[in-house]
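Undergrad: For reference, the chains in residue letters:
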Amino acid sequence: MLRRAQRLRDEGRYRRAAGLVDETLLHDPRNVVGHLLAASLHMVLRETGQARTSFERVLALEPTQPRALLGLARVELEEGETAACCTLLNRALARYPDFPEARALLEVARGLLASADAKGDATSNAAVGADRLRLPAESREALFMRADATVIVAEPYGPRTDAVAARAVKLSRVATAMLGRAGLGPLRHAVIEGAAETTYLRTDDAALLTLSFDRDVKSATAVEHLERVWHRCRSELA
Amino acid sequence: MSTAAVIPCPADGRNLRGVLAELLKLEHIIGGLVVAPDGLVIAANLPREVQAEPLSALAAALGRELELRGPRLRRGTFPTAQFASVSGSAFIGSTPVGYVVLLGEPRADWEVVRSGLHGALGTVYRAWAG
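Taken in sequence, the protein lines are chains A and E. Numbering of the first sequence is given in the working numbering, commencing with residue 1 and proceeding in unit increments. Numbering of the second sequence is given in the working numbering, commencing with residue 1001 and proceeding in unit increments.
In short, the hints are calculated from the structure, not lab data. As the structure is a prediction and not an experimental result, all values here were calculated from the model. Please note that a few of the clues may not be correct.
Computed footprint of chain A on chain E; a stretch qualifies when at least three of its residues, placed anywhere within it, have a C-beta under 8 Å from a C-beta of chain A [said to hold, decoys possible]:
{"id": "1", "region": "1015-1029"}
{"id": "2", "region": "1033-1041"}
{"id": "3", "region": "1087-1094"}
{"id": "4", "region": "1103-1117"}
Beta carbons are placed, not taken as given, at the ideal position from N, Cα and C, and that holds for glycine.
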């Protein structure tokens, strides 16, 4: 039955595959392969909470199952539980030292943990300097922060600003790690298209700037604005 | 910046290897992979010195981070993103089956790659989203 579920998964019929896996696990709740397949299907369906439960069930049955350790570590990283992510990846690497996926993710998680520690008690002072940066009128959102996610300027500033900054830093760390693994060097620019707006990102080792524009703003215009604001930001920081 | 663009037109969105092969015909693209949301490689064609496994783990994490950036971006709805260093770029697009990643030289043109990726992602969506 699991083989059939696997075939359905390969055909993209995820819900039917998940139904078969559930049925199998009902009769055989200690089936590690079944729980792993369930976790994989939940990940494809972007059901992170259910994927977590499945990975945890695998680890309850087989505490060093490498795919479950890696999968659960991914879930922890996604949910901002960086220390838990590191613990799981270290567990995986202690058992399987040659595990390149775990090593790559651990590099990112350790970097995030180190910058969170360095940030310590630093407080945001987002009201300072926004006017001095002369943000473009077309920009919907602007966020300038240190590499440790300490917000320097946010326009507009709101209760979610710090969380958004932390996500931007995480995104940039993962992208830098990916570019590094591809032999391309650290992240400097990014363009991220959303449904309604496009975000332009500029970064170096010390700071990160994001500007969001409506999608109808031309890319060349947005990049010009980004570079101008970036240079002002870096001067302010210096 | 390239001006003469080859816009690939993948015929079968279920054939992800074929989709990737078509995208690799874009100018200044040096490799790519398709990775499932759980990080498993579905298809890969990478420069010899690039290992697929760590790249796929990071690509899946990055793809998911992009999807989670805001309420408008949930459930695989972000079209494309480019991450650039001085030595080249990674382009990424989301589909229901996972993430398509392309690696490009510094000369790879964002607009051209974006247009090619959009076409490919649309084909994959139509084939798999049902």
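Undergrad: If a hint holds in the structure, say so; if it does not, say that too.
TA: Hints and how they fare:
1. 1015-1029: Not satisfied, violated; 0 residues make the cut.
2. 1033-1041: holds (count 5)
3. 1087-1094: The restraint on the region 1087-1094 of chain E holds, since 4 of its residues have a Cβ under 8 Å from chain A and three suffice.
4. 1103-1117: holds (count 4)
The structure is inconsistent with hint 1 alone, although it conforms to all the rest.
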